[in-house]
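> First to last, the sequence lines map onto chains S and X. Residues in the first sequence are numbered from 84 upward in steps of one, following the numbering used here. Residues in the second sequence are numbered from 1102 upward in steps of one, following the numbering used here.
Incorrect hints may appear among the rest.
Stated by the list, open to error - Simulated restraints on C-beta separations:
1. S/Lys196 x X/Glu1117: 37 to 43 angstroms
2. S/Glu305 x X/Ser1127: 44 to 50 angstroms
3. S/Thr375 x X/Ala1242: 23 to 29 angstroms
4. S/Lys196 x X/Ala1250: 49 to 55 angstroms
5. S/Leu296 x X/Lys1202: 32 to 38 angstroms
6. S/Gln261 x X/Pro1172: 40 to 46 angstroms
7. S/Gly362 x X/Glu1113: 26 to 32 angstroms
Claimed, not checked - Distance condition first, Cα-Cα at most 27 angstroms in a straight line; then the derived DSS-like pairs of lysine-lysine:
8. X/Lys1139 x S/Lys373
9. X/Lys1278 x S/Lys146
10. S/Lys373 x X/Lys1312
11. S/Lys250 x X/Lys1270
12. X/Lys1279 x S/Lys105
13. X/Lys1270 x S/Lys373
14. X/Lys1131 x S/Lys105
15. S/Lys373 x X/Lys1156
16. X/Lys1156 x S/Lys143
17. S/Lys250 x X/Lys1156
18. S/Lys173 x S/Lys151
19. S/Lys143 x X/Lys1152
Since the hints were made in silico from the structure, they are not lab data. Since the model is a prediction, treat every value here as computed from it, not as a measurement. Even for Gly, the Cβ is constructed at its ideal location relative to N, Cα and C.
Below, each chain spelled out in residue letters.
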Amino acid sequence: MNLPCLLKKGVNDLAFEALTQKLEAVFKRLRGKGKLSEADVKQAMREIRLALLEADVNYKVVKDFVQKVTERAVGQEVMESLTPAQQVIKIVHDELVRLMGPKDTKLNFSQSKVSVFMMVGLQGSGKTTTCGKLGLYLSKMGKRPLLVAADIYRPAAIKQLQVVGEKVGLPVFTMGEQDPVAISKAALEHAFRHGNDVVIIDTAGRLHIDDELMEELERIKEAVTPNEILLVVDSMTGQDAVNVAETFHNRLHLTGLILTKLDGDTRGGAALSIKAVTGCPIKFVGVGEKLTDLEPFYPDRMASRILGM
Amino acid sequence: KFSAKIDEDTLEELEEVLISADIGVSASDKLLSQLREKVRAEKIRSPEELKEALKEEIIKVFPAEKLEIVPPTIILVVGVNGVGKTTTIGKLAYRFKTQGKKVILSAADTFRAAAAEQLSIWGQRAGVDVVKHQEGSDPAAVLFDAIQAGKARRADIIICDTAGRLHTKKNLMEELKKLYRVSEKEYPEAKIVSLLVLDATTGQNAIAQAKIFKEAVNISGIVLTKLDGTAKGGVAVAIASELNLPVFFIGVGEGMDDLEEFDPKAFADAIL
Ligand SMILES: Nc1nc2c(ncn2[C@@H]2O[C@H](COP(=O)(O)OP(=O)(O)OP(=O)(O)O)[C@@H](O)[C@H]2O)c(=O)[nH]1
Ligand SMILES: Nc1nc2c(ncn2[C@@H]2O[C@H](COP(=O)(O)OP(=O)(O)OP(=O)(O)O)[C@@H](O)[C@H]2O)c(=O)[nH]1
Ligand SMILES: [K+]
Ligand SMILES: [Mg+2]
Ligand SMILES: [Mg+2]
């Protein structure tokens, strides 16, 4: 490979090339037709395992995945048009798509009342920004969203949401630094009186192990019965994504996930981990800091990305 | 071969622990092969000894450097979005102030909504001055003013907040280099320290972050934030091993004094 070509390629392309080459080496002796033997598949799966771990898919999730795919791949006919390496990659890719899918960006609205969406997640994952993005997305759908400043802890969080609201041309409900439960309730009232049909509550970032603050979320949930509780997850998250997602899900029964900061070069294996432990659909992805940078989640694109394709 | 008690299963268990801590496959492999050597050379028998030996290997990876402040110093605080830069600056300001140093903060994140307001609140908490401009203004101009203020008020340390940026964004990385150049040009007597802030929850992508930020602004060391969660921040091991970058501080909360000096032993203990 010449240098300019190498420079043009992203990290992911290179990762995929390396993976393909390694798999090709594994299958070198397996020419033409025939069935994939268990030994062949096992050896190939070692490379797949490595690729998934390098993409930050959780260790245990990888283990289960590899076992499942091994079973599926053993004994399969090697199709004429494909090399065994490509075939294994295809099986792996399909299985990743299946696990992260189906594509589901449907948001659950209330028929008669004001719909309530609540954003939750760790510190700095992108909740406030995503409130603005989702608000803009909804207003383009013809909705009349109200953003709600229920983060009373982070310095200037309220101001941040106000600036975001102004940028997307949406009203922002604030009540200073009062109890977030009271703020959320009052916001719902306000929305009802002002003709807003959906409120998006920006909650403070918190650790999943912070019992007091997790309880606060439970109280908000109880007070305003959200139609959507969306966990906002940084796509650069590593192995701990499962602990975080599992705890948030156990306490709040999440309805969906939003993956942020996918505009970088992270392989984003956390997507697979959080889907695996919560079973909730990944509805949207954040692909930039601009408030228009929100896209639907495509499981097939994510599978390719995790594999470095 | 290992002794009867320390077999491949034990090593696989350790591999799981290391990878689950985000140390990554290649750095974990490296640690484990060093461990194998050690087992052989030192005739390690018990799992307890094995664990201690692995901890030693982890500790050894980190360069022992500490952050040294020689006034006047300009500290550029950089990193990807949402890792904890602004908060860390608040904590650092408080720490230095408590040590009797005069600190000025430069609100050179003019991009993120309410970033300057956020830094100003931290400035008030720590009791230090903040130089800021309007949102959307030139970050280099903010730093320029902060340097002038620093000279005039005889500040020991100027800490510069920067907008979060993904390392893959070429134009934003250029903007960051400009801040470095402004520091060099406007305050040649000052020592420039670039601190990379990494979120301990981050996986292997942090390696790419460290590489590219290091190339751009000559990173002196790392602040590893959010270690009060359940993530272990093991990617710092991979980074230290590949790039020889020390970790200076860790963030263990959202309060002003939730910043600690990095202790490799405590760090290794938390992993194993
Ligand atoms: N590149 C990129 N940056 C993003 C994206 N989403 C959010 N950000 C940035 O990530 C940083 C954190 O975003 P916030 O919206 O403040 O995150 P948060 O979850 O509200 O943070 P806390 O309230 O402190 O918990 C900001 O710099 C955002 O601009 C994204 O999709 N891509
Ligand atoms: N639990 C915990 N939270 C932290 C720590 N450090 C920062 N945070 C939180 O992480 C979130 C993001 O922190 P910021 O300081 O705004 O991060 P930043 O890197 O300046 O973000 P951008 O400027 O948007 O790129 C805030 O909610 C902080 O309170 C830490 O050590 N532990
Ligand atoms: K983060
Ligand atoms: Mg927020
Ligand atoms: Mg900041």
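> Run every hint past the structure and note whether it holds.
Hints, one by one, checked against the model:
1. Between S/Lys196 and X/Glu1117 the beta carbon distance is about 48 angstroms. The supplied range of 37 to 43 angstroms is therefore violated.
2. Between S/Glu305 and X/Ser1127 the beta carbon distance is about 47 angstroms. The supplied range of 44 to 50 angstroms therefore holds.
3. With their beta carbons about 28 angstroms apart, S/Thr375 and X/Ala1242 fall inside the hinted range of 23 to 29 angstroms.
4. A C-beta distance of roughly 53 angstroms is found between S/Lys196 and X/Ala1250, which places it inside the suggested range of 49 to 55 angstroms.
5. Judged by the Cβ atoms, the range 32 to 38 angstroms given for S/Leu296 and X/Lys1202 holds: they are separated by roughly 33 angstroms.
6. Checked against the hint of 40 to 46 angstroms, the C-beta distance between S/Gln261 and X/Pro1172 comes to roughly 43 angstroms, which is consistent with it.
7. S/Gly362 and X/Glu1113 have their C-beta atoms about 29 angstroms apart, which keeps the hinted 26 to 32 angstroms range intact.
8. Distance check on the hinted pair: X/Lys1139 and S/Lys373 sit about 52 angstroms apart at the alpha-carbon level, beyond 27 angstroms; violated.
9. Between X/Lys1278 and S/Lys146, the direct Cα distance comes to roughly 42 angstroms. Violation of the 27 angstroms bound is thereby established for this hinted pair.
10. In summary, the hint linking S/Lys373 to X/Lys1312 is supported, as the alpha carbons are separated by about 26 angstroms, within the 27 angstroms threshold.
11. A hinted pair counts as satisfied when its Cα atoms are at most 27 angstroms apart, and S/Lys250 with X/Lys1270 qualifies at roughly 23 angstroms.
12. Among the hinted pairs, X/Lys1279 with S/Lys105 is inconsistent with the structure: their alpha-carbon atoms are about 41 angstroms apart, more than 27 angstroms.
13. Proposed proximity of X/Lys1270 and S/Lys373 is supported: the alpha carbons are some 14 angstroms apart, at most 27 angstroms.
14. Taken as a hint, the X/Lys1131 and S/Lys105 pair is honoured in the structure, with Cα atoms around 20 angstroms apart against an allowance of 27 angstroms.
15. For the given pair, S/Lys373 sits about 43 angstroms from X/Lys1156 by alpha-carbon distance, which is inconsistent with the 27 angstroms threshold.
16. Between X/Lys1156 and S/Lys143, the direct Cα distance comes to roughly 23 angstroms. Compliance with the 27 angstroms bound is thereby established for this hinted pair.
17. Straight-line distance between C-alpha atoms of S/Lys250 and X/Lys1156 comes to about 50 angstroms, which puts the hinted pair past the 27 angstroms bound.
18. For the hint linking S/Lys173 to S/Lys151, the alpha-carbon distance of about 14 angstroms falls within 27 angstroms, and the restraint holds.
19. This hinted pair checks out: S/Lys143 and X/Lys1152 have alpha carbons roughly 22 angstroms apart, not beyond 27 angstroms.
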